[in-house]
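Model the full structure from these sequences, guided by the hints.
Quick note, the sequences are listed as chains A and B, same order.
Each residue of the first sequence is one higher than the one before, counting from 1 in my numbering.
Each residue of the second sequence is one higher than the one before, counting from 1 in my numbering.
Please keep in mind that the hints were generated in silico from the structure rather than gathered at the bench.
Glycine included, every Cβ here is placed at the ideal spot set by N, Cα and C.
Please note that the accuracy of each hint is not assured.
In the DSBU-like style, the derived pairs of lysine-lysine whose C-alpha atoms are separated by at most 35 Å in a straight line are [claimed, not checked]:
1) K156(A) x K104(B)
2) K182(B) x K156(A)
3) K156(A) x K128(B)
4) K156(A) x K107(B)
5) K182(B) x K153(B)
Examples of chain A residues toward chain B, derived with CB under 10 Å [said to hold, decoys possible]:
6) N157
7) E160
8) A161
9) L165
10) E167
11) P179
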Amino acid sequence: MKNKTLLLYAFAYLAFLYVPVLVLPVFSFNDSQFIAFPLSGFTTRWYAGLLADSALQHALGNSLKVGVVTALLSTLLGLTAARAVTRYRLRGTGAALGFISLPLFIPDIVLGLSLLMLLGAVGLPLSLAGVVLGHLLVCVPFALIVLIARFEGFDKNLEEASADLGEDGWMTFWRVTFPLMLPGIAASLLLTFITSFDEFLVAYFLSGTEATLPIYIWGQLRFPGRLPMVLALGAIILGASVALVVLAEYVRNLGVKKPMVGA
Amino acid sequence: MNFLTITNVSKSFGGPPVVNDVSLDVARGEFFALLGASGCGKTTLLRMIAGFETPDSGAIRIDGEDMTMVPPHLRPTNMVFQSYAIFPHLNVFDNIAYGLRKLKLPKDALRAKVEAMLATVRLEGLGKRGADQLSGGQRQRVALARALMREPKILLLDEPLGALDKRLREAMQVELRAIQRKVGITFLLVTHDQEEALSLSDRVAVMHQGHILQVADPRSLYERPNCREVADFIGEINFFHATLREIAGASATVNAGLLGILTLPAANLAPGLKPGDHILLAIRPEHVRFADAGVVGEIAAATFLGARSHFHVKIAGRSEPVFVSGGAPPQGPVHLAFSPDRLIGLPTAG
Ligand SMILES: Nc1ncnc2c1ncn2[C@@H]1O[C@H](COP(=O)(O)OP(=O)(O)OP(=O)(O)O)[C@@H](O)[C@H]1O
Ligand SMILES: [Mg+2]
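This is the structure:
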């Protein structure tokens with residue numbers, strides 16, 4: 001009896017999570033301007049419309065650029081910080097970590113607004129570079145959390161053994177640290193990329209005339225006629241996100257199988 | 001000439017010194033052990049020789065060259081880590097070949113070299129094994145092979161057998177000694193296991209709270225410890241308080257309280273003792289025997305150990321028992337006897 005209730009609950013929960021998401025792909029193939037049941041036939045014209053929309057492609061390009069640069073920079077910063085935190089006993093490590101993680105707890109709207117005022121005060125023009133700066137604030141803490149976890153499972157004697165066997169710091173990094181950190185680095189890159197790619201508020205404040213994809217989509221919502229096309233776009237992004245998450249999990253598991261300790 | 005020379009090396013990590021004014025000489029080709037209780041600074045000293053820590057003061061020279069400030073990757077030393085530190089992303093072959101990159105050997109030559117080393121440490125045919133598919137003993141051999149592969153001037157071993165069970169440890173001790181003879185490299189082994197140090201090494205340095213107390217060959221260390229700590233650390237021993245009365249030629253007279261006035265060879269006294277000094281007389285359990293006459297005592301505890309047994313004997317006027325190692329004792333009260341030649345005189349402090 002109890003099991004049945006539990007099962008029911010589980011189904012209801014899954015439905016709650018996934019039905020809204022599934023609405024996206026379903027209506028993106030629906031041959032009607034209006035988002036309403038009953039469905040009125042299959043079409044791919046909304047997807048064809050995406051291909052013809054140059055403003056959308058420009059926004060997509062912007063988002064990819066910002067996402068890739070943010071992912072690379074925040075992972076690089078995270079990597080050096082995580083190594084410092086886990087390898088050396090430094091004074092003030094706790095405080096520094098706290099400050100780095102703080103943006104996680106500041107509402108994005110406050111973050112976006114403050115950055116907007118700061119850029120204005122310094123006299124810098126709004127641009128995608130500003131968006132990257134804002135996204136770094138949000139993404140570095142994520143990178144740091146993923147990478148510190150990876151470094152903590154990593155016997156520091158392994159790097160010393162490499163030095164002992166004649167390799168300098170740089171070669172030790174490439175022959176030992178990097179391969180062992182690779183799953184963490186990949187996970188950090190994917191996580192920060194996704195975080196940047198779908199970030200709206202900070203980008204909205206800082207992007208100026210260069211829209212990123214979420215800003216473009218937000219703009220399209222004013223035109224009801226374009227809604228099905230936005231759904232098609234949403235469906236594609238959804239598919240790509242799922243693929244990325246699966247990839248990230250796969251890479252992370254690659255790392256779990258190999259023990260990190262030399263003992 | 002000495003091969004490894006450590007001169008007045010000290011190191012602290014902010015608190016009191018962990019290694020305190022240590023000086024040490026090790027000869028070429030020697031199997032040298034650094035013996036001491038946990039936390040006495042053995043690993044720290046070894047890490048300074050390998051270059052992972054920089055001494056606060058003092059100098060380290062290897063084969064005539066000053067190494068004090070040379071970074072680890074440029075030193076002619078290799079280390080077998082306490083945790084073995086086998087690279088988990090590489091197989092056995094690549095682990096062992098790790099340090100040979102700069103030689104740029106052709107593939108065949110590299111293979112031959114690594115195969116020969118695999119044979120030396122008896123890991124033939126395991127080259128393709130992953131690091132996570134090895135037993136404790138096999139890991140130990142991989143770590144040893146990887147370090148030996150670079151033909152270091154000195155091989156540093158940090159409790160290399162500590163993680164192995166007793167049987168395997170004893171087997172590996174024999175093998176380690178054989179490998180050292182074969183390759184002829186100077187071995188510097190750190191251990192807290194006195195049996196291991198005594199059975200493996202040409203010479204042993206006993207370390208205590210950051211200091212080196214005594215450096216000697218195993219037999220001298222056992223028979224002629226120079227202070228209470230060494231005597232205590234190397235095997236079991238009995239101490240009696242006494243006063244040195246006089247030294248006349250080759251013999252010394254002591255007043256040993258309840259043991260009476262005794263005469264022992266002056267050579268058995270630690271250097272620096274003068275008549276009138278309060279001293280400790282030390283004697284090993286196997287040099288005390290049950291006799292028909294002598295100090296009267298009562299057996300408080302007995303441990304059967306095969307051919308010999310171990311006894312704790314209570315005697316009047318002394319709170320600690322006397323340790324005696326020997327055959328079965330007579331029934332009832334016992335008499336203890338010993339030859340004064342076996343007594344060692346040590347300073348009470350320091
Ligand atoms: N990096 C460090 N920072 C602070 N203290 C340290 C550091 N390394 C060692 N110590 C301290 O120095 C002392 C000696 O340590 P060391 O590792 O040299 O001892 P050991 O003789 O090798 O002991 P064991 O037999 O347990 O391995 C210990 O009290 C230890 O806590
Ligand atoms: Mg140690």
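Against the structure, the hints:
1. K156(A) x K104(B): With Cα atoms ~27 Å apart, K156(A) and K104(B) stay inside 35 Å; holds.
2. K182(B) x K156(A): holds (32 Å)
3. K156(A) x K128(B): holds (25 Å)
4. K156(A) x K107(B): holds (30 Å)
5. K182(B) x K153(B): holds (14 Å)
6. N157: With Cβ-Cβ at 4 Å, under 10 Å, it holds.
7. E160: With a minimum Cβ separation of about 6 Å from chain B (threshold 10 Å), the hint on E160(A) holds.
8. A161: Holds. Min distance 4 Å.
9. L165: holds (3 Å)
10. E167: This hint holds: E167(A) lies near chain B, its Cβ roughly 6 Å from the closest one there, short of 10 Å.
11. P179: holds (5 Å)
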